[in-house]
Each structure stands twice: as C-alpha cells, then as structure tokens.
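Protein chains: 2
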Amino acid sequence: MKPRQSGRRRSLSLGELGEERLLWEVIAPHLPRHREVVAGVGDDCAVVRSTGAGKLLVLKTDCIVAGVHFAAEAKAAQVGWKALARPLSDFAGMSARPEFALVTLIAPWETPVAWTKELYRGLAKAAAAFEVAIVGGETSSTAGPVAISVSVAGTVEKKRWVSRSGGKAGDELFVTGTLGGSRAGKHLQFTPRIAEGRWLTKHFAVNAMMDLSDGLGADLPRLARASGVGFAVDEEALPRTRGCSVQQAIADGEDYELLLALSLDESRKLQQRWEQKFPRLRLTRIGRLTRRSKIENRNFPSGYDHFG
Amino acid sequence: MKPRQSGRRRSLSLGELGEERLLWEVIAPHLPRHREVVAGVGDDCAVVRSTGAGKLLVLKTDCIVAGVHFAAEAKAAQVGWKALARPLSDFAGMSARPEFALVTLIAPWETPVAWTKELYRGLAKAAAAFEVAIVGGETSSTAGPVAISVSVAGTVEKKRWVSRSGGKAGDELFVTGTLGGSRAGKHLQFTPRIAEGRWLTKHFAVNAMMDLSDGLGADLPRLARASGVGFAVDEEALPRTRGCSVQQAIADGEDYELLLALSLDESRKLQQRWEQKFPRLRLTRIGRLTRRSKIENRNFPSGYDHFG
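Chains as they are written, first to last, in numbering that gives the first Met the number 0: chain A, 0 to 307; chain B, 0 to 307.
It is worth saying that the hints were derived from the structure and are not from the lab. Note that beta-carbon positions come from the ideal geometry of N, C-alpha and C, so glycine has one too. Incorrect hints may have been included.
[Unchecked claim] Straight-line Cα separation of at most 30 Å, DSS-like style, residue types lysine-lysine; simulated pairs:
#1 A/K167 - A/K124
#2 A/K157 - B/K167
#3 A/K157 - B/K158
#4 A/K276 - A/K54
#5 B/K268 - A/K158
#6 A/K157 - A/K74
#7 B/K167 - B/K74
#8 B/K268 - A/K54
#9 A/K54 - B/K201
#10 B/K201 - B/K116
#11 A/K167 - A/K157
#12 A/K74 - A/K158
#13 B/K54 - A/K54
#14 B/K158 - A/K201
#15 A/K54 - B/K74
#16 B/K268 - A/K157
#17 A/K167 - A/K268
#18 B/K167 - A/K158
[To be verified] Ranges of calculated distance between the beta carbons of each label pair, as one might list FRET restraints:
#19 B/L22 - A/G227: 15 to 25 Å
#20 A/E156 - B/P28: 41 to 51 Å
#21 A/E72 - B/A168: 27 to 37 Å
#22 B/Q270 - A/E109: 42 to 52 Å
#23 A/E156 - B/L263: 25 to 35 Å
#24 A/E156 - B/G53: 14 to 24 Å
#25 A/G53 - B/L22: 43 to 53 Å
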C-alpha cells in the first residue's frame, strides 16, 4: 500500500527530492526549537539536558505500518498524529511525562513529497499539543509500504511511576472515556491521556495502570497476570462508544484510554474528584481485581494480535 | 525481499507464532537484566535510572531495511549486529556513552521464527559487547521487506560532547581505520568506535567529530559546512582498505570510522599517544580544515543518498 498522489498533477517524489533535501526542506522546518535541546537535527545524535535528581528516565518506541495500522487513503496529517500519539499513550499509562521524540520514516521512493509534508505536519501538531520536542530521526527507502517508527524519552518521579504489576485483589477497576468502535475514525485522532495519567498519581495511590491499545479483552488479562490476580468485569457497566456492542467494547482495540486499579478507599475519593477536574471525560468503574479465578475470566475474549 | 527459510523443513513463521509468543519466547530471553533498568520488556514503557547531575542525555535512532541496508541472504545474526551497531557508531561520533536500546521489528508474517531468533541473537551480542541494555521495543507485521528500527539512549558529560560544528580553519583532520570496500562484508560486522571516541575527549581537545556512515565524500563536506570552514584532503594519504581505489575510499560509504578535527598542537600529542593506546587500529592524518575555498573542495564527490 502506497500513499495516494494528492491532486491531479503528479507531485514531486522522495526519490526525486533526495534524502538531504528531505531532511532540511521537509522535516527540519517542522521541528521547533526547544530550550532543553542542546543539539538536534543534523548532528550524529540528539543531545538534551538531563532530568536531574529524583527522576527516572522513561523510554518507549512504537511503529505504524500502512495496511496494518492505517489505510493508504488515510489523511497523512492524521497518520502523523497517530504515529506520535501512540507512544505518548504509553507514557500516560505509566503516569510519565514525555519530553523528546525521534521519528523514523521508511517510505518508497515514489512517495509524494506533499504527502510527507502533511505527515510531518501531523507529527509536529501532536508534538506541540503534548509539549514534546522532536529532536532527531532517520529516513530510509523501502520496496514495501510506508512505516513510521517513533521513539519517545521522558521522565517520571521515582515515587509516581505506575506499572501493570501492582494491582491487588479487591482493587476497583476503572477506565477513562468509552470503548469500542475506534476503527471508525478515533484510531487516527485520539488524545493520549497524559494529563489524566499525571493527575491521577499526584492525588491518588494508583496500584496499577496501563493504556488500552489492544482492547480491554487483551489488556486487562495482561494487567491481572502481571499483578498475579484475577478479575471480574461487569460487562453491562462497560462505557461503550455510541453504536458499539459489549463485544466491540471488549475486542475492537485501539481505545487509547487508561485502565487503572485502586483500593476501594482511593477509588471513592477518585470518583468524587474526577468529574470536577475532567468534566468532559467519563471515568467508569468496570469491575474489580480478584483472587485468581478461572471461572470469572472465562468469557473474556482476547484482543488484537498484529501477527495473529 | 524476504528472509530465506533456514533448513529444508519449513520452519514456523511469525504469523503462526503470534505477537505475544514472539515477545516472550523469542525476544525476551535475549534481553539480559541490567541493574539500571527499573521496568523493561512487558510494561507500557521502559523505566531506567536517570543519569544524575553534570551529564546530558543523548538520543539516536536508526533503521535498516532489507534490500537497502542488507541483502535477503545476509546472516540474520549479522543483520542484528548491524542494526544496533549503526546508532552506536553515532554515539562514538559524539564521544557519548550508549546505555539503553529499544528495538522495533517490522516483518512479514511468513518470516521464519528461526531467522528472527538469530536476528535477536545478533542484537544481543552487540548489546553485550558495548554494555547496552535492550529495554523494550515493538513488533509489527508488514506486506513489505523486513525493517529493524533501533533507538539508543545514553549520556555524555556536559564538557565532553563533540558536534560536527566546532571545526576551525587550520585544524588537522584524522580518520580511524581504513576507508572503502565496506560492502564486501565489513558493513555487517564493523566495530563502533565507542572506546576510541570516549578516550579522545578524555585526553584531547577535539574540535569536531562525526562517524563516517555515508562516505568521506559526503560526510566531510557536512562537517566543514556545519563548522563554517573549507577543507583540503590529501587523497594519496587516505587509508584505503586493501584493494580499494581512492575513489572507493571516498565514496563507498558505511565505513563507520571516526572523522575528527583538532588543532595542530593537540594533533601532535594525539599522534604520539594513539598507537600505544590502540595499537591495532590505524589513525591517519588525511588533511586539514581551511578557510572557505571552493577550489580545494571541487574534486570531492558526494556520497551515498538513500533516496538518490
């Protein structure tokens, strides 16, 4: 799958433009300067100011491939947004703050330059929205479909990072937003829950958290397994995207919402304060973590597998 | 281009294995534990210990694609080595210390699991050789050729990082090793000059440095341009790989050697001490940086362009 030509006139391709001009004329203008960046695009590596005492370094990489994560006819700016927003959603799931991104574009020679400019416009828009500096990257040709690989570095306070493995039997389970139906469009335009993820650990003792990328049906079992507990979900309580069935809410995937587990006491405080802080985003109790139990989990389908 | 089946019996493919088993059975066993890693493979992000005061964070990403950077018949372990060694060579060029890597594999469903295991064996070998911890990554299917994208994070002391832009007219130019002929095999088995890059800035005032990935003919003009100077190369002095012409030494690319510029005084000290420290690696004076001059640079061909 190759990006469509935009417009009737055949536009300039990456092969005609060349790698050097691609970097300096198409990519670099989209990368705003940032006071923490000592050396950015154009040197061997990006050099950035370190994070200081008391913080941990957080690293995440992700990729999207034409024909797998986006259709050839998808708008390039939305593809760019998605490419950066996906790893940012993982930062949200750990309550970490993203700071610096590296972007690799693997694309056929015949890819239109106009399409590529739009792609980087979308990347830059997501970077600006979440205060991330794109500090470097790489480009390569390929005989196959377009792929965009994005790596993000950031920080989290030593006492605030949340893994999937801290859930305890008896914890209440919550999800943000609504689940299901992402393929109808949201999968290209979602908002990583960075602000929510940061606020949660500032005010509450969150035992386990992750972002929902493969669907609740795949991701909740991962959280439970990592925590060494079981789970019970009230399927009727699931916050479904309009028009979606329970099955879709569980198995569609690409929700990019947060799944979190807290004690009963903490969850009561959370429910009281959430709506005031985030009045436009639902927070829904969907069940609880339990002692290991095969019976309660039996009806839970598994989610999306890129190779499956 | 797809990786060859290894052996006569049709081996298990990634599509048959599935993404979850690929991670836990093929990839994870190759990722050694590391005391600086707080959370690694299996959580939303990798969480690592921060670098403390006085250091800068260094970030680099790179990718290799079948049919562009390696042939389908290349040994998978060598492909893995190259995928990690390339960004490490950029760290060498900045005198930075690589610490953590993220690896993304984009591969067709039909890729043999055996090939993939060998790939990660090569990645793990390079990681161990240069004391880098692979702390995360991503996998995706594709309808195209295999691509491996690697991002590396590390550190450098605030006063020791070297960019391409600090060269001064009158500086002496040096390269490590020999140039040219890399495609005959070295491009899959080279040694990133991390130790040399670190030693150089510990003992000498290096004004500008970079690694030679696209060939001296492309990379030296970049260094000169970034430094705002010209250059004069003694083409007869170039350290050529056995059997290579001057033209090949200049234009073949993928040398992964260091190019550096120092004052005349510093370069004399360097020449006295190099051989004792690195007796098995040549260091050759190849010319000098000059005031801007078109005449002296005119015969210098340009190097390799991935899209050109």
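Status of the hints after comparison with the structure:
no.: 1; hint: A/K167 - A/K124; result: violated (38 Å)
no.: 2; hint: A/K157 - B/K167; result: violated (43 Å)
no.: 3; hint: A/K157 - B/K158; result: holds (27 Å)
no.: 4; hint: A/K276 - A/K54; result: holds (26 Å)
no.: 5; hint: B/K268 - A/K158; result: violated (49 Å)
no.: 6; hint: A/K157 - A/K74; result: violated (39 Å)
no.: 7; hint: B/K167 - B/K74; result: violated (43 Å)
no.: 8; hint: B/K268 - A/K54; result: violated (41 Å)
no.: 9; hint: A/K54 - B/K201; result: holds (28 Å)
no.: 10; hint: B/K201 - B/K116; result: violated (38 Å)
no.: 11; hint: A/K167 - A/K157; result: holds (21 Å)
no.: 12; hint: A/K74 - A/K158; result: violated (40 Å)
no.: 13; hint: B/K54 - A/K54; result: holds (14 Å)
no.: 14; hint: B/K158 - A/K201; result: violated (36 Å)
no.: 15; hint: A/K54 - B/K74; result: violated (41 Å)
no.: 16; hint: B/K268 - A/K157; result: violated (45 Å)
no.: 17; hint: A/K167 - A/K268; result: holds (18 Å)
no.: 18; hint: B/K167 - A/K158; result: violated (47 Å)
no.: 19; hint: B/L22 - A/G227: 15 to 25 Å; result: holds (19 Å)
no.: 20; hint: A/E156 - B/P28: 41 to 51 Å; result: violated (32 Å)
no.: 21; hint: A/E72 - B/A168: 27 to 37 Å; result: violated (53 Å)
no.: 22; hint: B/Q270 - A/E109: 42 to 52 Å; result: holds (49 Å)
no.: 23; hint: A/E156 - B/L263: 25 to 35 Å; result: violated (49 Å)
no.: 24; hint: A/E156 - B/G53: 14 to 24 Å; result: holds (20 Å)
no.: 25; hint: A/G53 - B/L22: 43 to 53 Å; result: violated (31 Å)
The structure does not agree with the numbered hints 1, 2, 5, 6, 7, 8, 10, 12, 14, 15, 16, 18, 20, 21, 23, 25 stated previously, though it agrees with the rest.
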